[in-house]
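Colleague: This is what each chain is made of:
2 protein chains.
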Amino acid sequence: MSEFVTVAVDAMGGDNGAKEMVKGAVLATKENETVHVLLCGNQDVVEQELSQYEYDAERITVVPTTEEVSCDASPVMEIQKKKDSSMVVALKKVKEGSADAFVSAGSSGAILVGGQVIVGRMKGVERAPLAPVIPNMKGVSLLIDSGANMDSKPHQLLQFAKMGSIYMENVVGIPNPRVAIVNIGMEEAKGNQLVKETYPLLKECEDINFIGSVEPRDIPYGACDVIVCDAFVGNVILKLSEGLAGALVKMIKAEVMTSTRTKIGGVLVKPALKGVMSKFDTAEYGGAPLLGLKGLVVKIHGTATHAEMKNAILQCVDFTEQKINDKIQEKIQNQVQ
Amino acid sequence: MSEFVTVAVDAMGGDNGAKEMVKGAVLATKENETVHVLLCGNQDVVEQELSQYEYDAERITVVPTTEEVSCDASPVMEIQKKKDSSMVVALKKVKEGSADAFVSAGSSGAILVGGQVIVGRMKGVERAPLAPVIPNMKGVSLLIDSGANMDSKPHQLLQFAKMGSIYMENVVGIPNPRVAIVNIGMEEAKGNQLVKETYPLLKECEDINFIGSVEPRDIPYGACDVIVCDAFVGNVILKLSEGLAGALVKMIKAEVMTSTRTKIGGVLVKPALKGVMSKFDTAEYGGAPLLGLKGLVVKIHGTATHAEMKNAILQCVDFTEQKINDKIQEKIQNQVQ
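Going down the list, the protein sequences come from chains A and B. Quick note on numbering: the first sequence equals residues 509 to 845 in the numbering used here. Quick note on numbering: the second sequence equals residues 509 to 845 in the numbering used here.
No lab work stands behind these hints, which were simulated from the structure alone. In this text the structure is predicted, and so the values were computed from the model without any measurement. Just to be clear, a hint being listed does not mean it is correct.
Unchecked claim - Computed list of lysine-lysine pairs in BS3-like fashion (alpha-carbon distance at most 27 Å, straight line):
id: 1; chain 1: B; residue 1: K531; chain 2: A; residue 2: K787
id: 2; chain 1: A; residue 1: K747; chain 2: A; residue 2: K761
id: 3; chain 1: B; residue 1: K747; chain 2: A; residue 2: K771
id: 4; chain 1: A; residue 1: K787; chain 2: B; residue 2: K711
id: 5; chain 1: B; residue 1: K761; chain 2: B; residue 2: K531
id: 6; chain 1: B; residue 1: K661; chain 2: A; residue 2: K661
id: 7; chain 1: B; residue 1: K527; chain 2: A; residue 2: K761
id: 8; chain 1: A; residue 1: K787; chain 2: B; residue 2: K802
id: 9; chain 1: A; residue 1: K661; chain 2: A; residue 2: K839
id: 10; chain 1: A; residue 1: K531; chain 2: A; residue 2: K591
id: 11; chain 1: A; residue 1: K758; chain 2: B; residue 2: K761
id: 12; chain 1: A; residue 1: K778; chain 2: B; residue 2: K802
id: 13; chain 1: A; residue 1: K782; chain 2: B; residue 2: K761
id: 14; chain 1: B; residue 1: K747; chain 2: A; residue 2: K761
id: 15; chain 1: A; residue 1: K761; chain 2: B; residue 2: K802
id: 16; chain 1: B; residue 1: K711; chain 2: B; residue 2: K527
id: 17; chain 1: B; residue 1: K747; chain 2: B; residue 2: K761
id: 18; chain 1: A; residue 1: K698; chain 2: B; residue 2: K527
id: 19; chain 1: B; residue 1: K747; chain 2: B; residue 2: K771
id: 20; chain 1: B; residue 1: K747; chain 2: B; residue 2: K782
id: 21; chain 1: A; residue 1: K646; chain 2: B; residue 2: K527
id: 22; chain 1: A; residue 1: K761; chain 2: B; residue 2: K761
id: 23; chain 1: B; residue 1: K747; chain 2: A; residue 2: K711
id: 24; chain 1: B; residue 1: K527; chain 2: B; residue 2: K591
id: 25; chain 1: B; residue 1: K747; chain 2: B; residue 2: K787
id: 26; chain 1: B; residue 1: K758; chain 2: B; residue 2: K711
id: 27; chain 1: A; residue 1: K758; chain 2: B; residue 2: K787
id: 28; chain 1: B; residue 1: K758; chain 2: B; residue 2: K782
id: 29; chain 1: A; residue 1: K787; chain 2: B; residue 2: K591
id: 30; chain 1: B; residue 1: K802; chain 2: B; residue 2: K771
id: 31; chain 1: A; residue 1: K758; chain 2: B; residue 2: K835
Said to hold, decoys possible - The calculated label-pair distances, taken between Cβ atoms and stated as ranges, are:
id: 32; chain 1: B; residue 1: Y729; chain 2: A; residue 2: E539; range: 31 to 41 Å
id: 33; chain 1: B; residue 1: K771; chain 2: A; residue 2: Q701; range: 46 to 56 Å
id: 34; chain 1: A; residue 1: G810; chain 2: B; residue 2: T811; range: 52 to 62 Å
id: 35; chain 1: B; residue 1: T574; chain 2: A; residue 2: K778; range: 38 to 48 Å
Backbone N, C-alpha and C define an ideal beta-carbon position, used for all residues, glycine too.
Starting from the given sequences, assemble the full structure and let the hints guide the process.
Modeller: So, in structure tokens, the structure goes:
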């Protein structure tokens, strides 16, 4: 490992393909001088995109690959069979230690499988949770696990809480982050079996600033910094938030178009509406890390453009420079002992 | 049971107390001539409120009670100990058959406990789910179970689907309602253990129009009519929707106030914003029924005013006249046999 932070990018992943992925990578190298990007993908396509930019050739390396992981096929099969796909090759760079981190806008399922199977979990980590930041009225919270591991156990949720806390403090920059578990009421006795069993573990843990339960209605108001939940519930929170915000804005727009008076008003308030919606623009927040692996694996949206790729790469630099994995290893080992 | 539909109302429940509950009851008797209301509560307080209105004295009966169920104490203890509370007395009217239905804005926990313990479940019904309608872009969907039974089993979710389907068709008036299970992806193989085991039961059931999985992001767009899920997930969906809609409107308002231009626009679009938010005004939709009991138990919001109480009472009339419980009993017996 050099003084550079090396990020292996799946240049072929996502709905927008190499064009946006390559642009994001170039912009990241311009914004941060320690970034070295390995652009894994079809050589002709990637070099064609690169030819449009001036860039530091010492910090962008093309790694030619011949295959692409499909979003429509079984993630497990894709990862097993497509050994020369841009995703698998990029993940292997992390596994081998020739890259610190991996970013892809490709198949979410394949990233989750590939992260665990190719890069592998750190010693003592039982499951690697997906932990995106989500916007709230005051800033952002970390949602962990947002969809990686179905039917997790209480002590696994405790690991998620520790990992999320370290990430939130050191990468997102929230000192002593408030950790809470998603629950249907505030009292300790509330909840389903999983929550009832997890609550005391979180309460007893000295490594985190546990503040108790968080009710879903308080999440958008920023009631806590690290939102701990099982992957099914986390995925519901993530996807419902996206869907509801989009539907509300569509409904407001439709309603505004019903009269001349409101149409004029609509033109005037447009900047305000845009201001609010930009807070919900997930591109601003980089990608969702899969924590607890021997290296950093970051999933960005399938619809990601260059901005999200750029921010995700810069996020990898913070993660690596802050030695997040060393910190996680330390806390998890304490638990294992 | 007479030709009237008799609704036992907990006149002391909720944040707004007897004033709003009594007003709602009076308005319901004026709007529908088959309604007979039993106003259970402190006699002086209820009669004082009633004295402000002209009403048909044959269709409003005061049932004097001396206690009130608290929202702050254990629901089980409250129901067991406060035998002469407005809630327990009203529930007993349903149990004895002297009322068809019960409505309360009191402690949610106590209503859930009291409904199951005092009114009791119908034969073959294992668990009584709470099933409010929630708004979407096209109309409403039924969310079942939204918080009554933690850690339900697959065949219990199948019962929820049947009950919800009957309610949606006959009370809300959606013919052949589309039933879907909340999931984190559309494929049958997706989901946690509960969803994977429930999916085939729903798919095989001939009593419902099962359309597969619904992803949370599609719920606000009205992707299905009956949303089946376990109570923890349902409660997250319900509460997060309420919280997020409120937070977004607050953020838009705050952003609108930042410049003169947007302030003027804000005044002009106000009717449009109000139009959208009225769709999210839960008072419009009556209350949340607890289905599968020997009689109808309806929970309205703690913050309910007369409008919500009135609509909930009218909803009880539809429920009773449509013989929903006979229809549920038939479908559940089919399953048991």
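Colleague: Quick check on a hinted range of 31 to 41 Å for Y729/B and E539/A, using CB atoms only.
Modeller: 37 Å, holds
Colleague: Take a quick look at whether K531/A and K591/A sit within 27 Å of each other, Cα to Cα.
Modeller: Holds, at about 25 Å.
Colleague: Below or equal to 27 Å on CA atoms is what counts here, so check K646/A against K527/B.
Modeller: Given that 27 Å is the threshold and the Cα spacing comes to 38 Å, the pair is violated.
Colleague: Is K758/B within 27 Å of K782/B, Cα to Cα?
Modeller: Distance ~13 Å between K758/B and K782/B Cα, so the pair holds.
Colleague: Mind checking the alpha carbons of K747/B and K771/B for me, to see if they're no more than 27 Å apart?
Modeller: 30 Å, violated
Colleague: Is the Cα-Cα distance between K782/A and K761/B 27 Å or less?
Modeller: 12 Å, holds
Colleague: Could you tell me whether the CB distance from G810/A to T811/B stays inside 52 to 62 Å?
Modeller: For G810/A and T811/B the Cβ distance comes to about 40 Å; the hint is violated.
Colleague: Quickly compare the C-alpha distance for K711/B and K527/B to 27 Å and report which way the hint goes.
Modeller: 47 Å, violated
Colleague: Taking only the CA atoms, is the gap from K531/B to K787/A under or equal to 27 Å?
Modeller: Not satisfied, since the Cα-Cα distance of roughly 43 Å exceeds 27 Å.
Colleague: Has the given pair, K778/A with K802/B, been kept, meaning a C-alpha gap of at most 27 Å?
Modeller: Violated, because 53 Å separates the two Cα atoms, which is more than 27 Å.
Colleague: Assess, step by step, whether the Cα of K747/B is no farther than 27 Å from the Cα of K761/B, and give holds or violated.
Modeller: 21 Å, holds
Colleague: Would the hint linking K761/A and K761/B be met if the CA-CA limit is 27 Å?
Modeller: The given pair, whose Cα atoms are some 15 Å apart, holds under the 27 Å limit.
Against the hints set out earlier in the document, violations occur for numbers 1, 3, 4, 5, 7, 8, 12, 15, 16, 18, 19, 21, 26, 29, 30, 31, 34 and 35.
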